[in-house]
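Peer 1: So you can see what is in the structure, the chains are spelled out below.
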Amino acid sequence: MDLRLENIGHSYGSIEVMEGINLDIPAGKIVCIVGPSGCGKSTLLRLIGGLEEPTIGRVLQVGEPPSDSLNPLTYIFQDFALLPWRTVENNISLILKDYGLSDVEAEAIISDVLSRTKLTDFRKALPKQLSGGMKQRVAISRALAVNPAVMLMDEPLSALDSQTRELLIDDLINLWKRKPFTAIYVTHNLNEAVRLGHSIVVLSRRPGKIREIIEIVKPLAERGLGDADLDAKQKHLWNLMREEAMAADQELIDV
Amino acid sequence: MSDAKQQTARTVEFRGGGFTPQSKRWIGLVTFIVLIIGVEIGTRMGFISNLTVPRPSDVFATFVELWNSGLLWKHLLPSVIRLVIGASIGASFGICVGVMIGLFSLVRAGLVPLVAAIFPIPKIALLPLFVIWFGIDEMSKYALIAFGTFTPTVVATYGAVDNVDRSLIRMGQSFSLSWSTIVSKIVLPGAMPGILSGLRISLAIAIILLVAAEMLGAEYGIGAYILEAGSLYDLERLFVGVVILSIMGVCVSALISIVEKRLLMWRI
Ligand SMILES: Nc1ncnc2c1ncn2[C@@H]1O[C@H](COP(=O)(O)OP(=O)(O)O)[C@@H](O)[C@H]1O
Ligand SMILES: [Mg+2]
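Chains as they are written, first to last, in this note's numbering: chain A, 218 to 472; chain B, 17 to 284.
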């Protein structure tokens, strides 16, 4: 299943947050969205997943999601959004039960996703007992459990320290290698973008428009920390972002 | 620093203490004991007159007497039953209405002003009305206690529902969870800490109203016992009654603490 954004525009009251967004998200690819803070990245993701309705334009699902996909559009949030009163396994089973899965089916899925995220030993733990990186892995396994067609990730690693972030980038790459998933990955961290994105969409400052789309052909598995070609891309991204940030500053002074 | 030979070294002073509640149960007990011993000594030495405060040992003797005569249970049992029935009705209605207010804007718009209007009414003032509506016996007592418990529970509950982390509700929606699952598995557990701390206040109010209800037409009950002692200026018996009420309060509070420990283990 592909996603297509057609001329998306959105306003909150008189504030126009974004306009004229046209974008295709092909199946099996990770599309990163970067842009200065407040340019509407989170809003765009909410529009894509149907948590909010765009003021104009529409989001299209092209083709059918896989028949075994319980929740085709699944989010992974920056703040993990785990229920603190439920153990790791119960955070996942809550959702599977609501889809009417039997205990046996749910148990099979839970074991599978927890082993894929290396959390098998922590299935009885409460969120308060886990580190930030582990919490996000729980959230990732919860998302994997519903077998999404597209994962919508809003700064999933931004609340983590840089070492944990590196480890989780590796984890995500490994998950993708084993079973390529489609993802829209919002971040303000340009390094994450060049490590994980098959394409990177740069948004301009508010009202957010697509400024540039950068393709990276190098396979995910071959990318590493400090690759020269990736660094060049990152530098290019940074120049674009800096222009936006400086222009935004200038606007504030002019007001 | 390294060139001075006789540098004085001292441990950095600890200044991070306090502001973290710790369970030191016995301190509470010590407060009571010190206070009681103080009064006992005061009354024996004579610098507290027997007319102001009865001697704790006399109060205790009166209590033992009450216990031995079997009258204690005769008074306590009806009181506890009234408290349990009245408070359960009030609290469960209060939680239901509070959750409705928290969930539905229409209910909120309609009921919040009403609750605000009945909250400050001293419910005791309405007792004659309840007697007319429900009769002089048990029903009007239940109604009074229930009504008094209801309003603070409503206010605490909808506040607690409002405070449930919106990002968790959004998470539920993002997984297309059904409305009933979001309410029962996300909103209610999330509101539980607020509801329980609201119950602490509501149940204390229930005890106050229990006594008020029993002072008006009850043969047995702690309220009736206190009223009788008060009208005879029998300070020892009055204090026995008051102490029993305090113990009831402590028991209710302890009960809620146990429930909190069980239900809110997940909190940091
Ligand atoms: N629910 C809302 N109501 C009003 N304004 C909002 C709302 N959500 C976001 N905004 C505004 O929209 C703009 C974009 O927000 P957001 O999408 O969170 O940006 P980003 O994620 O790129 O930092 C910001 O200026 C923000 O203040
Ligand atoms: Mg954001």
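Heads up, a few of these hints could be off.
Unchecked claim - Straight-line distance between alpha carbons at most 27 angstroms, and here's what the computed BS3-like set of lysine-lysine pairs gives:
| id | chain 1 | residue 1 | chain 2 | residue 2 |
| --- | --- | --- | --- | --- |
| 1 | A | Lys345 | B | Lys90 |
| 2 | A | Lys345 | B | Lys277 |
| 3 | A | Lys345 | A | Lys394 |
| 4 | A | Lys341 | B | Lys277 |
Said to hold, decoys possible - Incomplete in silico selection of chain A near chain B, CB under 10 angstroms:
| id | residue |
| --- | --- |
| 5 | Leu268 |
| 6 | Leu311 |
| 7 | Ala356 |
| 8 | Leu369 |
| 9 | Trp455 |
Everything labelled a hint here was simulated from the structure, so no lab data went into it. Beta carbons: idealized from backbone N, C-alpha and C, even for Gly.
Peer 1: Hint by hint, note whether the structure agrees.
Peer 2: Now for the hints, and whether the structure bears them out:
1. A:Lys345 to B:Lys90: Not OK: Lys345 of chain A and Lys90 of chain B at ~48 angstroms, beyond 27 angstroms, violated.
2. A:Lys345 to B:Lys277: Since the Cα atoms of Lys345 of chain A and Lys277 of chain B sit roughly 16 angstroms apart, the hinted pair holds (cutoff 27 angstroms).
3. A:Lys345 to A:Lys394: 31 angstroms, violated
4. A:Lys341 to B:Lys277: 19 angstroms, holds
5. Leu268: Where the cut-off is 10 angstroms and the nearest Cβ of chain B is about 6 angstroms from Leu268 of chain A, the hint holds.
6. Leu311: 6 angstroms, holds
7. Ala356: Nearest chain B Cβ about 9 angstroms off; hint holds.
8. Leu369: Where the cut-off is 10 angstroms and the nearest Cβ of chain B is about 8 angstroms from Leu369 of chain A, the hint holds.
9. Trp455: It is violated, given that the least Cβ distance between Trp455 of chain A and chain B is near 30 angstroms, above 10 angstroms.
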